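Chain order of the listed sequences is A and B. If you read the first sequence in this note's numbering, its first letter stands for residue 1, the second for the next number, and so on. If you read the second sequence in this note's numbering, its first letter stands for residue 1, the second for the next number, and so on.
Just so you know, the hints here were simulated from the structure itself, not pulled from any lab data. Small disclaimer: the values here were computed from a predicted structure and weren't measured. Fair warning: there could be bad hints in the mix.
The list makes no distinction among identical chains, and a pair is therefore deemed to hold if it is satisfied within one copy or across any two copies.
[Stated by the list, open to error] Lysine to aspartate or glutamate pairs mimicking EDC-like chemistry, simulated, CA-CA at most 20 Å apart:
{"hint": "1", "residue 1": "Lys35", "residue 2": "Asp56"}
{"hint": "2", "residue 1": "Lys205", "residue 2": "Glu144"}
{"hint": "3", "residue 1": "Lys128", "residue 2": "Glu44"}
{"hint": "4", "residue 1": "Lys354", "residue 2": "Asp260"}
{"hint": "5", "residue 1": "Lys182", "residue 2": "Glu224"}
{"hint": "6", "residue 1": "Lys211", "residue 2": "Glu38"}
Number of protein chains: 2
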Amino acid sequence: MTTITKNLTNTPKALPPSDQLGFGQHFSDHMFVAKYTEGKGWSEASVVPYGPLSLDPGASVFHYGQALFEGMKAFRKESGEVVFFRPEFNYHRLAEGAARLCLEAPPMDLFMEGLHQVVAADERWIPKGPNTSLYIRPTLIGSEPFLGVRPSRETLFFILLSPVGSYYSEGTKPIKIWTEEKYLRAAPGGLGAVKAGANYASSLKAALEAKKKGYAQVLWLDVEHQGIEEVGTMNVFFVFDNEIVTPALNGSILSGGTRDAILQLLRSKNLPVVERRITITEVVDRLAKGELKEAFGTGTAAVISPVGVLHYQGKDWTINNNENGPLSTQLYNEITAIQRGAQADTLNWLVPLKK
Amino acid sequence: MTTITKNLTNTPKALPPSDQLGFGQHFSDHMFVAKYTEGKGWSEASVVPYGPLSLDPGASVFHYGQALFEGMKAFRKESGEVVFFRPEFNYHRLAEGAARLCLEAPPMDLFMEGLHQVVAADERWIPKGPNTSLYIRPTLIGSEPFLGVRPSRETLFFILLSPVGSYYSEGTKPIKIWTEEKYLRAAPGGLGAVKAGANYASSLKAALEAKKKGYAQVLWLDVEHQGIEEVGTMNVFFVFDNEIVTPALNGSILSGGTRDAILQLLRSKNLPVVERRITITEVVDRLAKGELKEAFGTGTAAVISPVGVLHYQGKDWTINNNENGPLSTQLYNEITAIQRGAQADTLNWLVPLKK
Ligand SMILES: Cc1ncc(COP(=O)(O)O)c(C=O)c1O
Ligand SMILES: Cc1ncc(COP(=O)(O)O)c(C=O)c1O
Numbered sequence: 001m002t003t004i005t006k007n008l009t010n011t012p013k014a015l016p017p018s019d020q021l022g023f024g025q026h027f028s029d030h031m032f033v034a035k036y037t038e039g040k041g042w043s044e045a046s047v048v049p050y051g052p053l054s055l056d057p058g059a060s061v062f063h064y065g066q067a068l069f070e071g072m073k074a075f076r077k078e079s080g081e082v083v084f085f086r087p088e089f090n091y092h093r094l095a096e097g098a099a100r101l102c103l104e105a106p107p108m109d110l111f112m113e114g115l116h117q118v119v120a121a122d123e124r125w126i127p128k129g130p131n132t133s134l135y136i137r138p139t140l141i142g143s144e145p146f147l148g149v150r151p152s153r154e155t156l157f158f159i160l161l162s163p164v165g166s167y168y169s170e171g172t173k174p175i176k177i178w179t180e181e182k183y184l185r186a187a188p189g190g191l192g193a194v195k196a197g198a199n200y201a202s203s204l205k206a207a208l209e210a211k212k213k214g215y216a217q218v219l220w221l222d223v224e225h226q227g228i229e230e231v232g233t234m235n236v237f238f239v240f241d242n243e244i245v246t247p248a249l250n251g252s253i254l255s256g257g258t259r260d261a262i263l264q265l266l267r268s269k270n271l272p273v274v275e276r277r278i279t280i281t282e283v284v285d286r287l288a289k290g291e292l293k294e295a296f297g298t299g300t301a302a303v304i305s306p307v308g309v310l311h312y313q314g315k316d317w318t319i320n321n322n323e324n325g326p327l328s329t330q331l332y333n334e335i336t337a338i339q340r341g342a343q344a345d346t347l348n349w350l351v352p353l354k355k
Numbered sequence: 001m002t003t004i005t006k007n008l009t010n011t012p013k014a015l016p017p018s019d020q021l022g023f024g025q026h027f028s029d030h031m032f033v034a035k036y037t038e039g040k041g042w043s044e045a046s047v048v049p050y051g052p053l054s055l056d057p058g059a060s061v062f063h064y065g066q067a068l069f070e071g072m073k074a075f076r077k078e079s080g081e082v083v084f085f086r087p088e089f090n091y092h093r094l095a096e097g098a099a100r101l102c103l104e105a106p107p108m109d110l111f112m113e114g115l116h117q118v119v120a121a122d123e124r125w126i127p128k129g130p131n132t133s134l135y136i137r138p139t140l141i142g143s144e145p146f147l148g149v150r151p152s153r154e155t156l157f158f159i160l161l162s163p164v165g166s167y168y169s170e171g172t173k174p175i176k177i178w179t180e181e182k183y184l185r186a187a188p189g190g191l192g193a194v195k196a197g198a199n200y201a202s203s204l205k206a207a208l209e210a211k212k213k214g215y216a217q218v219l220w221l222d223v224e225h226q227g228i229e230e231v232g233t234m235n236v237f238f239v240f241d242n243e244i245v246t247p248a249l250n251g252s253i254l255s256g257g258t259r260d261a262i263l264q265l266l267r268s269k270n271l272p273v274v275e276r277r278i279t280i281t282e283v284v285d286r287l288a289k290g291e292l293k294e295a296f297g298t299g300t301a302a303v304i305s306p307v308g309v310l311h312y313q314g315k316d317w318t319i320n321n322n323e324n325g326p327l328s329t330q331l332y333n334e335i336t337a338i339q340r341g342a343q344a345d346t347l348n349w350l351v352p353l354k355k
């Protein structure tokens, strides 16, 4: 494997108070960087002080959208031990995304070594309080400068670390969501199944307009404005009286790590969960009949976010009295208990930080 | 208007030979940069030596795809005078794209002043030979560092200059194109109508696979795999025996400046040109009946690129004996003659460089 060098800072920053972290506001003292060049391979792998990247203005990331990222977390268990939550899942999703975007994925060992080394260097940045964690942002960008449209022959890989609290300022209160029929996040044959920056570029405007109307996130539909895809930056689950449904991975939905963990957890309990196509018409019909008990989004940032109000075509539907439901509460408690070591990790999700 | 400062280089580069320019391989001595900050407005507008940008690794362009660009050209007329080709068209398209991507567009006067000043500073870089020009790349990126998904509160605007020759190494020989049915460039409600980096991110893989099969570009279809959208990074025209057809701007097609100029030119000649939905089935049916006389792509980089071979579902169709057709040749000659001042600019396309 490429050797990783270390250049640690002489001017460590003051830690932000762990009860005022917010999300993605603070970056730690260091980052991991490595560079791939066609014909040469990976080089310059190093843990360095967090600071600006120097990039040619002709770099592919500025023109042709060659940007891909991951979002994952490390936790400080109650025992003090530091663990990663399912890092192989994120590695594999990054590698698949890189292939789709014509970027070079780092080899698994370089990804894992870089991850362990940069988190070890910044271990003091992993917060201790409840609902806190270290959010980890591995990123790949095309860095070769040229103007004709083609894939970059250079990939820059970096990992950033950010101590975080709750994603929503509302905490874990139910959110209001807006069913989006004007803008599209992703379509079949596009980039929806990978964590490309491009998907978020398309979504910002819709989220902004929804926010102005008082909704925290948008519910994304498919290109026919029928099939339900995701909710904002989360996957979505609907708890009906007789089944729990999440949209099947159809090629335009992101395969969420939290979605996958929830599916494992529900199946381990023999609960009737299915991955299938589900339309907004079905959801609204069953809401009207009183069959929809709970709905919630799942994602690394917020873990589980109950949906209290669903807007569709001029009407606000209330779900579960706009309260946290029993299943979402139970799942949230179990996942976070496993992450902090308060409950046994029977599904083997945690990977301890190497020292 | 924001004042533009100038900091010119002490180490000008040697000019590349004008008969070996290629496309997007060389950058000139300077670039224009300016920065927008929410609450503060535009500042730091300056012509500076071409060189690396220093950007926080948390900047929105690396994560959420906030990148938008323009492509336009300046020409050296045979008289030596320097002219821009329809810069207002590109300004307006950039401004519309910025609104869609939640970036801040520079005011028109800042855009134009920056454009004139940087091109004036690098006037010696505008090549003289036939089929050469100065390709101009205005770019907007989100530069604010943060990790929660939302629009950047900072936009960086820069203009790069690149002396160019022919876009295709084949010159103006007809190209072979591949009708793409697996990958999608853009969908309704997405970003297809704006020049977002995100659209190119999705297209790179398709172009790469087509190239491996021997095709220079892909023919993009709509999400139903029927309606024709564009060809690679060009708009497309079909010349039938009784009409000339280009796909109507349906929200997922880029509104090309060259497309618009060709429409003006054809209409000024009273030729029967229509903008409407056209399907791949219609094109192939009429090809089989001998009704398709010519097909060509239009774009700033290649101006006009005749299509000699069209691949669809396992079959290679030859168009016009794989030769340059009379209409595409005439249009190419007229547009390039206007650009070099050899023919009168009756449609008012040219804007002289201010000195
Ligand atoms: C669009 C989108 N969908 C779903 C998710 C959930 O994925 P994960 O559970 O891996 O965080 C994310 C990421 O947070 C996302 O950005
Ligand atoms: C996707 C796409 N379509 C069409 C065009 C043609 O636009 P224009 O004629 O303005 O260069 C371009 C840009 O060159 C493009 O990238």
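We went through each hint and held it up to the structure:
Proximity of Lys35 to Asp56 under the C-alpha cut-off of 20 Å is found in both arrangements, the shortest distances being 14 Å within a copy and 17 Å between copies. When the C-alpha separation of Lys205 and Glu144 is checked against a cutoff of 20 Å, the pair qualifies only between copies, where the shortest distance is 17 Å, while the shortest distance within a copy is 29 Å. Taking identical chains as interchangeable, the C-alpha atoms of Lys128 and Glu44 are never at most 20 Å apart, the minima being 33 Å within one chain and 41 Å between chains. Within a single copy, Lys354 and Asp260 get their C-alpha atoms no closer than 25 Å, and across copies no closer than 60 Å, so neither meets the 20 Å cut-off.
In this assembly of identical chains, the alpha carbons of Lys182 and Glu224 lie at most 20 Å apart whether taken from the same copy (11 Å) or from different copies (18 Å). Taking CA atoms no more than 20 Å apart as the test, Lys211 paired with Glu38 passes between copies only; the shortest distance there is 18 Å, against 43 Å inside one copy.
Hint compliance for this structure: hints 3 and 4 are not met, and every other hint is.
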